[in-house]
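Chain A is fixed; fit chain B onto it per the hints.
Residue numbers (my numbering), protein chains in the order written: chain A, 525 to 846; chain B, -11 to 140.
These aren't lab readings, by the way, just hints derived from the structure by calculation. There may be inaccurate statements among the hints.
Among chain A residues calculated to face chain B with C-beta under 8 angstroms, some are [to be verified]:
{"no.": "1", "residue": "Ser621"}
{"no.": "2", "residue": "Leu622"}
{"no.": "3", "residue": "Glu643"}
{"no.": "4", "residue": "Ser645"}
{"no.": "5", "residue": "Arg647"}
{"no.": "6", "residue": "Gly663"}
{"no.": "7", "residue": "Gly665"}
{"no.": "8", "residue": "Pro727"}
{"no.": "9", "residue": "Glu729"}
{"no.": "10", "residue": "Gln733"}
Being a predicted model, the structure only gives us computed values, none of them experimental. We put the CB at the ideal spot given by N, CA and C, even for glycine.
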Amino acid sequence: MGTSLAPRMSLHGRDVISIRDLTRPEIETLLLSARRMIPYAEGKKVTHPLADKIVAMAFFEPSTRTRLSFESATLRLGGQCITVADPAVSSIRKGESLSDTIRMMSGYADAIVLRHPNEGSARLAARASDRPIINAGDGAGQHPTQTLLDLATMQEAFGTLSGLRVVLLGDLKYGRTVHSLAYALALFGAELVLSSPPSLRLPEEVRDQLDHMGVKVEEESQLSRAVRDADVLYVTRIQKERFPDEGEYLKVAGSYRIDNSVLAGAKSRMIVLHPLPRAGEIASEVDATPHAAYFRQAFLAVPVRMALLEALLASPKSKKGG
Amino acid sequence: MRELKITPIKNGTVIDHIANGLALEVLRIVGIQSLDKDSTVSVALHVRSGKLGWKDIVKVENMELSARKVNAIALIAPTATISIIREFKVREKRPVDLPERIVGVLRCPNLNCISNQAEPVESEFEVAQRRPVVLVCVFCERSVDDFLHHLG
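For reference, chain A alone in the conformation it holds in the complex (with noise of 0.2 angstroms):
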């Protein structure tokens, strides 16, 4: 669906490309949906407001927890899904651009969520359907259903965004949900710790931007002295694909690690978030201490990825979360 000049007075039938797409109001309104969400996640309580839906899977790059939980959101809205989980078998591989593959798919089914390796695919796909479009990762551009749950999680921990000192590890360069989360967290007022190693700080351009919304923001190298004051430890994974050559990657492989030892000095109420797989970067030892928040993290991708299906799709009287 293009982009409507009508003032934006609800998420219904929207595309949600970027985390900017979304005002801090409508975002609070999902987080609120998706706490509500969590029992009918769960399983423990059964709603279906999506009963007469079909939603599209269109994943034409490698993804497991974010289909999965895409998937499970839809199901356990009551709704039904397609899924093109390989695109080594889809039309795309016999050459069909993604423009034709998207308005054939907005045919079949109510809203399509896609995961493209190409930077601005939703974008495109948005123009070329007439149902909602879910980016669910461009290459390395946006990932707003990400930034969700991880703002769901922080705020499931401590009530609240505002005023939290948010430490982000690790490639604040290419890793561009890191800058959507950021982008986010200046929203709500909380403040921003940047941790890298040299090569991989946050762009002129972002940090600029951060400046510009008036968020305090601090960078500190060390990690221990990162951690000290932090209510959040958000540690991203440096990813391989996302670099422009081998051996700038080789150069910052493994140089950061969280284990206990470096939690030695954390609040005791500091949580470990990463938007996982995780690589080595976070200690197998980390899991069994209170710190470790990841794995509810993950969990709550389905309760968040609810609340925004049923804000796109459901009619209203047939809502739960809102």
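Quick look at chain B alone, frame taken from chain A:
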């Protein structure tokens, strides 16, 4: 009598006040290979200018520029003015003006952008900043301020 460095044209387009040294880039945008074989193209480099100090001028006979070409010139030579000449008279004169959206003029510098793949879509940028000009790709959100190297 003042010496004429470039002769007047009967019908066509004069692109004046091009920043010194950029005339050949402007000519590349105009695309001389697409011209009528009887048309004359005149290029003046390093001409004294009251406004700019030094400037370049391009005159093309029997051609009026498309909006797309004017947008491309606006990106690399924002000080340029364009005059439409008919029967030796200036019928219209205006500075180049950058619209809010630039479509089909530049390639996105992000090679992994969907607009650089085999999709039925033209490149498209929004003006994020006017002085100096910074454009942002509407698809991948990559910004670009170096236009010479990304002309389509």
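Tested hints:
no.	hint	result
1	Ser621	5 angstroms, holds
2	Leu622	6 angstroms, holds
3	Glu643	4 angstroms, holds
4	Ser645	4 angstroms, holds
5	Arg647	5 angstroms, holds
6	Gly663	5 angstroms, holds
7	Gly665	6 angstroms, holds
8	Pro727	10 angstroms, violated
9	Glu729	7 angstroms, holds
10	Gln733	11 angstroms, violated
Of the numbered hints listed earlier, those contradicted by the structure are 8, 10.
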